[in-house]
Amino acid sequence: MRTKILLSALVAGALAVAGCGGASDDKSGGDASAASNGGGAKTSLSLVAYSTPEVVYDQIIPAFQKTPEGKGVSFKTSYGASGDQSRAVAAGQKADLVALSLAPDVDKLVDPGLVPKDWTAQTEAAGGQGGFVTTSLVSFVVRKGNPKGIKGWDDLLKPGVKVVTPNPFTSGAAKWNLMGAYQHGGIDYVKKLLTQHVPVQPKSGREALQTFTGGEGDVLISYEYEYTTAVKKGEKDIELVQPDDTFLIQNPIAVTSNAPQAAKDFLKFALGDTAQQYFADWGYRPVNAAVLAKNKSKFPDPPTVKTVDDFGGWKKINAELFDPEKGSVAKIENDAGVSTAK
Amino acid sequence: MATSAATAPAPPARARAGRRAGTRGLTGLGVGVVTLWLSVIVLLPLAALTAKAFDGGVDEFWTAVSSRQAVSALKFTIGVSVIVAVVNAVAGVAIAWTLVRDDFRGRRLVNAVIDLPFALPTIVAGITLLALWGPRSPIGVNLAFTQVSVAMALLFVTLPFGVRAVQPVLIELDTEMEEAAASLGASGPRVFRSIVLPNLMPAILSGAALAFARAVGEFGSIVLISGNKPFDTQVSSVFIFKQIESDNPVGAAAVSVVLLLVSLLMLVALRVIESWGSRHDHR
Amino acid sequence: MTTASPVGRLSVRVLALGYLALLLLVPIGVVLYRTFEPGLGEVWDSITTPAAVSAFWLTIELAAIAVPLNTIFGIVAALVLVRSRVRGKWLLQAFIDLPFAISPVVIGLALFLLYGRQGWLGPTLTDAGIQIIFSVPGMVLATIFVCLPFVVREVAPVLREIGDEQEQAAATLGASRWQTFRRITLPAIRWGVAYGVVLSTARAIGEFGAVSVVSGKISGETVTLPLLVENRYSNFDLSGAYAASALLAVIALATLLAMTLLQRKGDPR
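Protein chains in written order, with numbering that gives the first Met the number 0: chain E, 0 to 341; chain F, 0 to 282; chain A, 0 to 268.
I should point out that these hints are in silico values taken from the structure, not numbers from a laboratory. Note that CB positions come from ideal geometry on N, CA and C, so glycine has one too. Take these hints with a grain of salt, some might be off.
[As the list claims (entries may be wrong)] Taking beta-carbon pairs under 10 Å as the criterion, some of the chain E residues facing chain F (in silico): (1) A80; (2) K107; (3) P201; (4) G216; (5) E319; (6) P323; (7) S327.
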């Protein structure tokens with residue numbers, strides 16, 4: 000009898016907590032729910048994006064819904080690692096808009112016909128170019144006070160300096176980091192860095208930051224926006240160091256084939272002043288020239304910034320450096336095993 | 000109406016034969032249900048996986064699985080999983096014994112938390128282990144990014160197997176034989192070795208098999224604390240993930256198939272040992 | 000009830016509890032500490048956001064489907080494995096254990112290859128308009144997959160231990176097979192079933208990897224509690240991640256409590 004009462008109490012308690020649920024993870028309890036289904040929604044858009052800009056889209060989407068084009072448009076959002084998301088869309092996940100971490104993840108969707116071949120031209124209508132919605136820079140994160148005095152790439156090779164950077168084969172986005180290194184000193188520099196100064200190979204950027212804040216290493220190679228977002232979210236004891244020469248990170252956005260007009264409107268909105276300001280607030284460099292100019296103090300320009308185009312494009316880079324069998328970085332990884340294999 | 004079970008004659012031959020035929024029918028149904036369920040849930044996806052592994056022919060399969068990184072990861076994975084399975088099998092018996100036969104304050108609480116490693120998402124387990132055994136460890140040990148750290152993570156996530164496999168059997172264990180042996184003068188350890196242990200063996204092996212299987216496939220709780228160093232602390236599941244991320248699904252499927260085959264062999268071996276042992280049972 | 004000497008009993012207790020403390024209790028303690036460090040109010044806010052509430056119900060839903068189905072399968076399979084005289088049992092047993100050995104990475108890959116757009120069943124499903132992968136049905140399949148072996152593996156050793164003498168006696172007395180099962184077998188294996196259910200449930204609610212790959216991570220629709228934990232972690236909301244994990248721990252504990260109470264009803268142990 001007691002059992003029955005206890006179980007009924009549990010069930011009743013559980014039901015009491017039940018609600019319609021929703022998508023908003025806002026603790027203040029406000030219904031800033033980006034995916035709220037207003038009565039009689041005309042269109043539903045599916046946005047598939049990589050994980051870090053979730054905080055920004057949580058602000059952009061409600062702002063879009065207040066515009067005439069966005070009125071009555073409901074959203075389904077999905078956030079995860081860029082590579083995972085790209086594979087999911089290729090395997091059939093519904094997406095009207097994809098906003099990923101690097102262009103190859105979008106290019107992979109062209110062959111299956113999910114994204115139009117000329118997707119990079121989509122941003123031109125909104126004043127952007129190349130299909131990008133934000134950019135950033137490869138930067139260093141060091142401990143507060145910069146105890147090891149890290150200023151540039153050469154400092155990473157100083158004896159005893161330990162560098163944390165994710166493995167480029169488990170995290171496509173980690174390739175940005177190595178491109179930063181590559182543009183500085185070519186493959187020789189990358190080899191010295193990876194074999195002598197990188198003790199661990201975290202699976203992703205987020206885990207690399209966790210490993211670093213967990214006490215490992217002296218320097219973390221990361222992105223400018225990752226640092227800003229982390230600090231805004233409460234991460235302490237870290238500092239940003241911008242080397243004089245670095246690599247430009249470019250984050251693509253694309254409307255998929257057969258997406259409704261609202262998706263194209265959203266893309267336009269994402270490149271507009273309101274949305275780009277939200278991006279800037281969280282540390283992403285706007286592609287909107289006006290917004291970038293307004294926020295220039297937040298985004299100083301290092302003397303040298305290389306881009307993917309300077310090295311022949313991603314196809315060439317992936318084939319030469321990151322091919323799992325023939326790429327030079329893969330070779331470095333495999334050769335390193337000869338000395339450390341037990 | 001039977002007057003006494005002890006003196007009732009055996010059921011007539013016709014009834015016995017009828018029962019056996021019925022049993023065969025029911026067994027058939029049981030086997031059918033089991034096979035169907037297994038096929039839909041487990042075998043079909045695995046078939047798709049195996050097909051992909053051989054998408055490029057046997058040559059490509061072989062190249063993918065014989066690469067140095069793949070082999071190194073496999074050896075490390077199997078090795079550490081075996082150790083973890085053995086340790087947790089032994090620990091499982093000790094803990095189950097303490098929970099069932101012993102009585103102390105907080106026993107119910109301890110019993111309750113045994114299953115938590117299962118319920119905790121692997122990333123939380125990973126963060127916690129890094130905090131405890133990593134560079135910022137409050138205890139002062141820094142095992143992070145070593146092979147030992149992988150073992151620690153695996154011991155954590157497979158602990159429930161060792162305990163819960165043995166526990167229900169211990170609860171059902173008839174203590175008459177133990178008491179008889181004790182009254183005849185056998186010491187505690189002797190009683191345990193000759194009477195309790197043989198009865199627990201199938202359960203212990205069962206727990207060890209599950210612990211091994213889980214350890215071999217574990218991913219989330221290891222990635223943070225192991226450092227994923229190729230040829231050192233990289234496990235097969237991370238290697239497979241690398242192949243997937245590098246747009247090499249055939250290579251990923253190939254290594255997965257090998258990993259599964261090795262696990263299958265281990266599990267079969269355990270089962271054979273189990274039935275070998277029980278053949279000596281008088282049932 | 001024990002026949003071991005007091006010294007022996009104490010040393011086993013010390014060793015067992017020591018191992019548990021080091022390996023299990025300390026990490027769990029750390030998780031609890033970090034969860035409640037920001038204060039109870041924050042924790043409550045964390046687990047009552049709309050996203051957390053959906054995730055909670057989705058997690059429960061997946062477990063509520065997967066666990067009962069696997070329990071039935073488990074009991075039937077255990078009976079087949081222990082009581083029947085079928086040949087090739089060792090192979091069957093090995094395949095039943097296989098889901099454990101499969102890394103979540105591999106399960107995800109296999110399910111993509113089967114149900115994905117370019118997979119074996121993909122085109123057929125798309126034509127029929129059935130959405131399996133990237134929606135709840137796919138997540139149910141993944142959940143069933145990962146907790147398949149538990150009940151079997153808990154029940155089989157118990158079945159073996161108790162032997163079938165009582166069942167045979169019941170048959171001799173004229174009991175039907177169903178009666179024998181309900182009155183003799185089931186009560187005898189109930190602790191095995193109970194722990195099997197507890198473990199299955201804990202695994203089903205805590206599973207991250209396999210479910211993550213096939214879920215599509217659609218906020219408010221296909222995000223379970225473990226996926227929410229990962230999502231919060233990626234968004235630098237560590238305390239939120241811990242709070243959601245604590246909720247999972249509560250569900251696991253509640254399951255154990257429920258199963259233990261149900262067992263105790265018939266037996267004062």
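So, going through the hints one by one against the coordinates:
1. Checking E/A80 against chain F by beta carbon gives a least distance of about 9 Å; that is within 10 Å, so the hint holds.
2. The interface hint given for E/K107 holds, since its Cβ lies 7 Å from the closest Cβ of chain F, which is under the 10 Å cut-off.
3. A hinted interface residue such as E/P201 counts as satisfied when its beta carbon comes closer than 10 Å to some beta carbon of chain F; here the least separation is about 7 Å, so the hint holds.
4. Because the closest C-beta pair between E/G216 and chain F is about 9 Å apart, less than 10 Å, the hint holds.
5. Hint on E/E319 is violated. Least Cβ distance to chain F is approximately 14 Å, over the 10 Å limit.
6. Evaluation of the E/P323 hint against chain F yields a held restraint, the C-beta minimum of about 4 Å falling below 10 Å.
7. Hint on E/S327 is violated. Least Cβ distance to chain F is approximately 14 Å, over the 10 Å limit.
Of the numbered hints stated above, those contradicted by the structure are hints 5 and 7, listed in ascending order.
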